[in-house]
Amino acid sequence: MAEVMVLVDHVDGEVKKTTYELLTAARVLGEPAAVVVGAPGTAGKLRDGLAQHGAAKVYVAESDNLGDAFLDPEVAVLAALVGRVNPAAVLITTSPDGKEIAGRVAVRTGSALLGDVVELAADGTVTHSVFGGAYTVTAKANTEHPVITFRAGSIEVEAIDGEAAEEIVEVPSIGAAAAARVTNRLPARSGDRPELTEATVVVSGGRGVGSAENFEVVEKLADSMGAAVGASRAAVDSGYYPAAFQVGQTGKTVSPQLYIALGISGAIQHRAGMQTSKTIIAVNKDPEAPIFEIADFGVVGDLFTVAPQLTEEVTRRKS
Amino acid sequence: MNIVVLVKQVPDTYSERTFDESDRTLDRESADAVLDEINERAVEEALKLKEAGEGEVTVVTMGPGRATDAIRKALSMGADKAVHLSAEALHGSDAVQTARVLAKLLGTLDHDLVIAGNEASDGRTGAMAAMVGELLGLPSLTHARKVEVDGRTVRVQRETDEGRTDLEASLPAVVSVGEKINEPRYPSFKGIMAAKKKPVSTLTLADVGVDAAEVGLENALTSVLQVTPRPAKTGGQKVTDEGDGGARIAEYLISQKLI
Ligand SMILES: Cc1cc2nc3c(=O)[nH]c(=O)nc-3n(C[C@H](O)[C@H](O)[C@H](O)COP(=O)(O)OP(=O)(O)OC[C@H]3O[C@@H](n4cnc5c(N)ncnc54)[C@H](O)[C@@H]3O)c2cc1C
Ligand SMILES: Nc1ncnc2c1ncn2[C@@H]1O[C@H](COP(=O)(O)O)[C@@H](O)[C@H]1O
Numbered sequence: 028m029a030e031v032m033v034l035v036d037h038v039d040g041e042v043k044k045t046t047y048e049l050l051t052a053a054r055v056l057g058e059p060a061a062v063v064v065g066a067p068g069t070a071g072k073l074r075d076g077l078a079q080h081g082a083a084k085v086y087v088a089e090s091d092n093l094g095d096a097f098l099d100p101e102v103a104v105l106a107a108l109v110g111r112v113n114p115a116a117v118l119i120t121t122s123p124d125g126k127e128i129a130g131r132v133a134v135r136t137g138s139a140l141l142g143d144v145v146e147l148a149a150d151g152t153v154t155h156s157v158f159g160g161a162y163t164v165t166a167k168a169n170t171e172h173p174v175i176t177f178r179a180g181s182i183e184v185e186a187i188d189g190e191a192a193e194e195i196v197e198v199p200s201i202g203a204a205a206a207a208r209v210t211n212r213l214p215a216r217s218g219d220r221p222e223l224t225e226a227t228v229v230v231s232g233g234r235g236v237g238s239a240e241n242f243e244v245v246e247k248l249a250d251s252m253g254a255a256v257g258a259s260r261a262a263v264d265s266g267y268y269p270a271a272f273q274v275g276q277t278g279k280t281v282s283p284q285l286y287i288a289l290g291i292s293g294a295i296q297h298r299a300g301m302q303t304s305k306t307i308i309a310v311n312k313d314p315e316a317p318i319f320e321i322a323d324f325g326v327v328g329d330l331f332t333v334a335p336q337l338t339e340e341v342t343r344r345k346s
Numbered sequence: 006m007n008i009v010v011l012v013k014q015v016p017d018t019y020s021e022r023t024f025d026e027s028d029r030t031l032d033r034e035s036a037d038a039v040l041d042e043i044n045e046r047a048v049e050e051a052l053k054l055k056e057a058g059e060g061e062v063t064v065v066t067m068g069p070g071r072a073t074d075a076i077r078k079a080l081s082m083g084a085d086k087a088v089h090l091s092a093e094a095l096h097g098s099d100a101v102q103t104a105r106v107l108a109k110l111l112g113t114l115d116h117d118l119v120i121a122g123n124e125a126s127d128g129r130t131g132a133m134a135a136m137v138g139e140l141l142g143l144p145s146l147t148h149a150r151k152v153e154v155d156g157r158t159v160r161v162q163r164e165t166d167e168g169r170t171d172l173e174a175s176l177p178a179v180v181s182v183g184e185k186i187n188e189p190r191y192p193s194f195k196g197i198m199a200a201k202k203k204p205v206s207t208l209t210l211a212d213v214g215v216d217a218a219e220v221g222l223e224n225a226l227t228s229v230l231q232v233t234p235r236p237a238k239t240g241g242q243k244v245t246d247e248g249d250g251g252a253r254i255a256e257y258l259i260s261q262k263l264i
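Chains D and U, in that order, are what the protein sequence lines are.
For the first sequence, counting from 1, position 27 maps to 54 in my numbering; every step adds exactly one.
For the second sequence, counting from 1, position 80 maps to 85 in my numbering; every step adds exactly one.
Some hints could be false.
Just so you have them, the derived chain D footprint on chain U, three or more residues with Cβ under 8 Å [as the list claims (entries may be wrong)]:
| no. | region |
| --- | --- |
| 1 | 75-87 |
| 2 | 139-148 |
| 3 | 177-185 |
| 4 | 200-210 |
In silico DSSO-like cross-links for lysine-lysine, where the CA-CA straight-line distance does not exceed 27 Å [stated by the list, open to error]:
| no. | chain 1 | residue 1 | chain 2 | residue 2 |
| --- | --- | --- | --- | --- |
| 5 | U | Lys-243 | D | Lys-44 |
| 6 | D | Lys-247 | U | Lys-201 |
| 7 | U | Lys-262 | D | Lys-305 |
| 8 | U | Lys-201 | D | Lys-167 |
| 9 | U | Lys-262 | U | Lys-55 |
| 10 | D | Lys-279 | U | Lys-151 |
| 11 | U | Lys-243 | D | Lys-247 |
| 12 | U | Lys-238 | D | Lys-305 |
| 13 | U | Lys-185 | D | Lys-279 |
| 14 | U | Lys-55 | D | Lys-305 |
| 15 | U | Lys-185 | U | Lys-202 |
| 16 | U | Lys-238 | D | Lys-312 |
| 17 | D | Lys-345 | U | Lys-262 |
| 18 | U | Lys-55 | U | Lys-151 |
| 19 | U | Lys-262 | U | Lys-238 |
| 20 | D | Lys-247 | D | Lys-345 |
| 21 | D | Lys-279 | U | Lys-238 |
| 22 | U | Lys-55 | D | Lys-312 |
| 23 | U | Lys-243 | D | Lys-345 |
By construction, these hints were calculated from the structure, which means they are not laboratory data.
Since the structure is predicted, the reported quantities are computational estimates derived from the model, not experimental observations.
Where is the CB? At the ideal position from N, CA and C, for every residue including glycine.
Let's have the full structure, built from the sequences with the hints guiding it.
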């Protein structure tokens with residue numbers, strides 16, 4: 028059976044959930060082979076998780092010299108493996124780094140690039156959801172070993188045992204002239220809330236929230252439901268909430284079971300990032316706000332009275 | 006310093022974007038077309054770098070005839086000249102093909118710094134700078150929140166959801182800018198008048214050494230099979246808060262087994 032390569036996304040010695048999604052998706056095409064690129068000892072920490080999610084193989088590309096390298100090691104390792112193993116496909120998570128690695132591996136290996144897919148079928152057909160979910164597009168690659176990036180949260184993770192047989196591979200050396208060097212890293216603080224793209228419930232606030240302090244109203248509701256917090260671009264641009272939480276065309280695309288929009292008008296660019304959510308709830312003072320056109324349940328009212336009441340109801344129900 | 010800015014004309018996100026029925030490509034005729042928002046910022050950054058030292062800013066686009074509007078916009082902001090690669094055969098090219106053509110095109114131009122947008126609003130490939138860099142054998146410094154050129158060194162503060170990474174490389178290099186990098190200037194009346202006299206060279210595939218058999222829909226590395234519009238989501242219930250708005254949402258969520 029052909030191998031399907033999965034680039035392992037990891038942070039602080041832990042595998043990200045999106046990698047398990049990729050391992051699950053990979054199984055329709057062939058045997059999942061996880062590729063770990065990191066400092067010595069990384070794969071050892073990740074192996075159990077990978078084995079529990081069906082990795083038949085783990086390619087271990089470890090090196091001491093990755094400190095100031097920027098994506099080049101991942102690209103070089105994947106490209107070398109593609110040349111050697113001729114996998115059925117290479118799967119990478121849709122993220123800023125993932126997209127870049129994918130694009131570079133595709134051009135380096137002459138492979139088709141299928142970006143941001145939500146589904147992969149046994150015949151290699153992929154499905155994209157484009158223009159904010161306004162269209163569903165199916166596509167296929169016309170080359171061997173296509174490089175496919177997967178939208179986070181589009182696949183239900185299945186746990187299944189895999190052998191996770193380790194194989195050491197070399198990290199090819201990178202020509203200094205062609206490489207960018209990292210001089211400083213300041214990783215974003217990951218809070219206690221679930222990640223936006225992985226959360227089953229997202230509570231977002233817009234300009235109507237009015238200030239950074241007031242975002243507490245949004246956070247409290249989110250915390251009562253174990254939800255992630257999102258924000259409109261207007262809220263981000265006004266400095267109410269950090270840019271990493273922006274939902275929409277130029278922010279994150281989310282598709283949770285439940286999306287609650289507080290003080291968001293529902294501009295087309297915001298909708299592009301959330302309208303495929305299963306259920307949408309909107310609270311807005313303006314009965315004409317376009318968000319109501321796509322809300323399953325809308326309340327015309329002041330978010331500062333409606334949201335706290337909902338928080339209270341949810342909390343009461345839990346106890 | 007020769008700065009080349011890669012710009013792209015995209016359907017306005019405020020207008021309805023559709024697909025061409027016959028070949029399932031993005032219908033670029035029916036929607037209003039604009040210079041991609043992030044590309045305005047790419048042009049702005051190039052102009053700033055030029056103003057801080059010296060150099061020349063060339064805007065480059067690959068796209069249909071009417072992409073000249075996007076070029077004019079960039080020229081009226083202050084770019085010095087433009088190169089427009091336009092050919093019927095390019096229609097339907099995918100991301101890898103586009104990167105290959107842009108790399109060939111850049112090969113015909115002097116470039117110390119190539120600036121692109123990090124992600125256009127239509128394709129969302131979001132990897133063009135990296136792909137072009139890869140093909141040219143140049144470092145790519147992407148998602149810039151800040152760009153600095155110091156002699157032959159370029160430094161970029163890269164900002165993504167994952168945090169900030171400071172990058173450094175020797176020129177020539179490719180940089181992509183993010184939407185937070187700057188506020189693009191509005192073209193002045195003088196700028197708009199001056200743009201009319203600025204040189205725009207229109208190139209053909211032969212001029213950049215690309216064979217028509219390598220590009221376009223027929224030769225793409227990926228093929229679109231089917232495009233299905235998703236039924237538009239329609240609004241459900243809307244109630245006015247009468248002091249019980251929160252409770253009514255809770256009731257609804259309970260009825261839907263969401264809490
Ligand atoms: C190229 C491009 C890309 C973009 N990308 C994005 C993107 O990724 N994400 C995004 O969100 N936007 C994006 N935008 C911006 C988008 O067009 C809108 O400007 C933005 O979404 C508006 O945010 P908002 O709904 O919070 O603000 P507004 O449109 O100002 O709406 C605020 C709403 O809050 C309501 N309100 C005020 N006070 C209260 C109260 N006390 N209680 C209840 N309701 C109240 C008001 O009635 C109003 O409807 C983009 C725009 C462009 C041009
Ligand atoms: N046809 C094109 N001509 C010139 N530049 C382009 C073209 N396509 C993409 N780019 C550049 O690549 C960036 C990212 O675009 P995309 O890969 O489509 O998301 C854009 O902001 C442009 O700078």
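For each hint, the structure was consulted:
1. 75-87: violated (count 0)
2. 139-148: Since three or more residues must qualify, the claim that chain D covers the region 139-148 of chain U holds, with 9 doing so at under 8 Å.
3. 177-185: holds (count 3)
4. 200-210: Three-residue rule not met by the region 200-210 of chain U, so violated; n is 0.
5. U:Lys-243 with D:Lys-44: violated, 36 Å
6. D:Lys-247 with U:Lys-201: This hinted pair is violated, its Cα atoms lying about 55 Å apart.
7. U:Lys-262 with D:Lys-305: holds, 13 Å
8. U:Lys-201 with D:Lys-167: violated, 43 Å
9. U:Lys-262 with U:Lys-55: Not OK: U:Lys-262 and U:Lys-55 at ~59 Å, beyond 27 Å, violated.
10. D:Lys-279 with U:Lys-151: Cα-Cα ~22 Å, so holds.
11. U:Lys-243 with D:Lys-247: Holds. U:Lys-243 to D:Lys-247 sits at ~24 Å (cutoff 27 Å).
12. U:Lys-238 with D:Lys-305: holds, 10 Å
13. U:Lys-185 with D:Lys-279: holds, 15 Å
14. U:Lys-55 with D:Lys-305: Cα-Cα ~48 Å, so violated.
15. U:Lys-185 with U:Lys-202: Given that 27 Å is the threshold and the Cα spacing comes to 31 Å, the pair is violated.
16. U:Lys-238 with D:Lys-312: holds, 21 Å
17. D:Lys-345 with U:Lys-262: Holds, because 13 Å separates the two Cα atoms, which is no more than 27 Å.
18. U:Lys-55 with U:Lys-151: Distance of about 15 Å is within 27 Å: holds.
19. U:Lys-262 with U:Lys-238: With Cα atoms ~20 Å apart, U:Lys-262 and U:Lys-238 stay inside 27 Å; holds.
20. D:Lys-247 with D:Lys-345: holds, 14 Å
21. D:Lys-279 with U:Lys-238: Distance ~20 Å between D:Lys-279 and U:Lys-238 Cα, so the pair holds.
22. U:Lys-55 with D:Lys-312: violated, 47 Å
23. U:Lys-243 with D:Lys-345: At roughly 26 Å apart (the allowed maximum being 27 Å), D:Lys-345 and U:Lys-243 satisfy the hint.
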